[in-house]
Amino acid sequence: MPAFTLEELARQFDLDVRGNPQQQVSGLATLSAAGPGDLGFLANAAYARQLGDCRAGALILSEKMVDRWSGNALVTANPYAAWARIAAFMQPRSTVPTGIHKTAWVDPDAEVDPSAAIGPQCSIAAGCRIDAGAEIGAGCVVEAGATIGRQARLVGRVFIGEQVRIGERVLIHPGAVIGADGFGLALDQGQWLKVPQMGSVQIGNDCEIGANTTIDRGAIEDTVLEEDVRLDNQVQIAHNVHIGAHTAIAGCVGIAGSTRIGRYCMIAGACGIGGHLTICDQVIVTAMSTVLDSIEEPGEYGSGIPARAHARWKRILVRLGQLDDWARRLRKLENK
Amino acid sequence: MPAFTLEELARQFDLDVRGNPQQQVSGLATLSAAGPGDLGFLANAAYARQLGDCRAGALILSEKMVDRWSGNALVTANPYAAWARIAAFMQPRSTVPTGIHKTAWVDPDAEVDPSAAIGPQCSIAAGCRIDAGAEIGAGCVVEAGATIGRQARLVGRVFIGEQVRIGERVLIHPGAVIGADGFGLALDQGQWLKVPQMGSVQIGNDCEIGANTTIDRGAIEDTVLEEDVRLDNQVQIAHNVHIGAHTAIAGCVGIAGSTRIGRYCMIAGACGIGGHLTICDQVIVTAMSTVLDSIEEPGEYGSGIPARAHARWKRILVRLGQLDDWARRLRKLENK
Amino acid sequence: MPAFTLEELARQFDLDVRGNPQQQVSGLATLSAAGPGDLGFLANAAYARQLGDCRAGALILSEKMVDRWSGNALVTANPYAAWARIAAFMQPRSTVPTGIHKTAWVDPDAEVDPSAAIGPQCSIAAGCRIDAGAEIGAGCVVEAGATIGRQARLVGRVFIGEQVRIGERVLIHPGAVIGADGFGLALDQGQWLKVPQMGSVQIGNDCEIGANTTIDRGAIEDTVLEEDVRLDNQVQIAHNVHIGAHTAIAGCVGIAGSTRIGRYCMIAGACGIGGHLTICDQVIVTAMSTVLDSIEEPGEYGSGIPARAHARWKRILVRLGQLDDWARRLRKLENK
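Read top to bottom, the protein sequences are chains C, H and R.
Each residue of the first sequence is one higher than the one before, starting from 1 at the first, in the working numbering.
Each residue of the second sequence is one higher than the one before, starting from 1 at the first, in the working numbering.
Each residue of the third sequence is one higher than the one before, starting from 1 at the first, in the working numbering.
Extracted from the complex, chain C is given alone in its bound form (with noise of 0.2 Å):
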């Protein structure tokens, strides 16, 4: 990694410095493992206590906090955005190279930016186009008429459904399935019958897809995801779903179909979320709960129960199974 003085970075940033400008940092670590050509950061009060011990050559951090630390600082009022952007320009993803690899499969009909880089084992089909700038790593799959949005990028081994439209500098994770079909079925004289899924998925500018995540197709109209959507991994959206810009969805949470999530949501991990329901804006739910009704207030909401010692669990789950019982007995207590 190239080294940079905290001047450097500090004008390149919008950020102040503390100490000597002249301090060069070339890596990046955290407050434990930081040596004296680090640059760290802290962005979460309860890790202050390390900062006794920390050795980095500078750190980020907030205004609050700089008192606590006698080293180098660069200052700002969000440490943890700072630390993203300057890590991400000190340390350069890799890209895949412009042009189509020799073993990608490219439709003579499919329409590709010369700015795009196809990957290995790729299969592009007719009336796809690719944007400029955008990346299709190895391993991708991109169906008819599909359109990827300039700078997107899909990691590997990502599957786009027919014309499943992806935005601008959306980032798609490996193992991500966008537009297979909704979970339609009609029961005609005791058989199933597959009920066609005829609409698409919109993903929105600047959304975040995890690997092995799933977004179904509308089954008439479409899947909306609008922009900056962020889901983290195993995340299954349901056909005809729409997720308002902002929100953030943790791994493991699964959404019923037609369900409308609001903007500035957070959906903690592993949440179950019932069909036909609207959440409002800046709803937050906390891990492993079930959300089985419609939320029209912003606030915290939740119904996950922290385990606790199993023989212990056994006698509470003894005791739910009373509460009935209890209900009569303490009604003709107070009878008397």
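Don't read these hints as lab results, they were simulated from the structure.
A couple of the hints might just be wrong.
[What the hints assert, rightly or not] Taking lysine-lysine and the BS3-like style, the derived pairs with C-alpha atoms no more than 25 Å apart in a straight line are:
(1) C:K314 <-> H:K102
(2) C:K332 <-> H:K336
(3) R:K336 <-> H:K102
(4) C:K332 <-> H:K102
(5) R:K102 <-> C:K336
(6) C:K102 <-> H:K102
The hints should help you fit chains H and R onto chain C, whose structure is shown.
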């Protein structure tokens, strides 16, 4: 999309016309989006209030609803099934061209019917049999000795393990893995020893398997899905599970090893079903429930807890921890 | 399958024969399906009632069970481990042929041991090292700088991210994604900013990783699995998780970022484990539990609720909502 008169559709799908039989429809749309050239449908009474504003050229609906709609109609006892059939007819899905794509690898010892289609970047191993009319989409891997039945369709990037047998007209969505090893381990002197998984997987005719769903091979005997089983996305089926015909399982459900599920069951999203259980026919399990005991009576079962405002839920959690104490106090009061 | 006498098997696997040492077995079967030429086993006492009807040529069982079985036997303290070894010996799995398949892409700057095997449609990027005896099945993607240890096996369609290190004899099932970016986001002026994920993943020797399981790369330092960790299908391991040796995790479990799990833990199916926790050695978590606090004592923990008939469960849910009120009423009664 070509245009059809209501008379033509009624004749072909055995429906009754109400209104103008010469009315043409050339599009398919929702109640709220349909215009004068579109066909829509009403299957769920909850949407009946949209009939007033609906501008569709015609609607598919039931005898019971037809009086609430003043426009043209195709009348049937099962509007959703009629919609499924007409939609598939009016907007046929695209297909993989017959024959073997030039970038696909087909082992010389594999047997591919001339009417089957093998898409780009596939790998078909020795001893496979791909039957008439089967479609293997881009990037699929079919391992040694597997068989893919007539008209079956692997949409793309599907993995089929060795010796797995896929029935006729089975539809498998991208990312599904059928026939990975079951999770079999023996602890031996402080180390895990892998227990070979020598069984296979049998998928009956007309099954549908969702994106990124996994179905493990059996330990000794096979894991079995009977005919017309429908699995949504990200379902996990462990080794030696047996699922009865016409059972439908929603997204993110996990079923542990050797459990037997009956026919015509419906398992809602994100349920967990324990191992070595027997669930009888026609059982419904509600969303995010945990099934840990066998079920011998048809009916509806559940243990999911709907989320509440977090502050209220936290108080309930505190109360849960006190139940044991309450039991004692309640008894003491009663004894007085 | 070739035939073996009990005497041969006993000598090779250090077992005791009871009955006829010249008895030949050429098949492997369950207690209920085994015929006179088959070897079976009994490891779980719950199946002992099947011994009466069993027609197996021989059974592997423990000293304690041998008197309940009148046929030939291979006797050992750990029948399940003996079964695992004998099954692997009698029915060896098929292997990918050594060398590089002609449809695979191997970058000229990758290093592939001549005894390694690269299957059809693989992509092996620059700077990778594939060690002696490793098998990379069809459709795998191994990104730049990753290393695959001796005798490791990627079954097929596995994704290994940049710089990821896979140990010796590791077994990775189809659809697994090792080394996608962790879910790191900084909110900056109402937009999410991606935090670069610069760490990697280290998978220790003898680990097994299930189908469609995801293990994210660390934010700064690495995500780590020590040796002999066993993960089932659809497990999600977030960035910077550390899992101790010999821990086994069943299907559909999710573990949030930076959590440390001890050695010899067993996590049952579909559990969710929160972030930044420490779970000590030898902890068992029961199915579908939510772990939100660190655990400092070995033992069994849980919070899963077994499903009941829905009507009864709905009444319990109503009572749950009343608990706060009950607390007040109970106290009032006590005060009288």
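Taking the hints in turn, this is what the structure says about them:
no. : hint              : in the structure
1   : C:K314 <-> H:K102 : violated, 60 Å
2   : C:K332 <-> H:K336 : holds, 13 Å
3   : R:K336 <-> H:K102 : violated, 87 Å
4   : C:K332 <-> H:K102 : violated, 80 Å
5   : R:K102 <-> C:K336 : violated, 87 Å
6   : C:K102 <-> H:K102 : holds, 13 Å
In summary, the structure is inconsistent with hints 1, 3, 4, 5 from the numbered list given earlier, while agreeing with the others.
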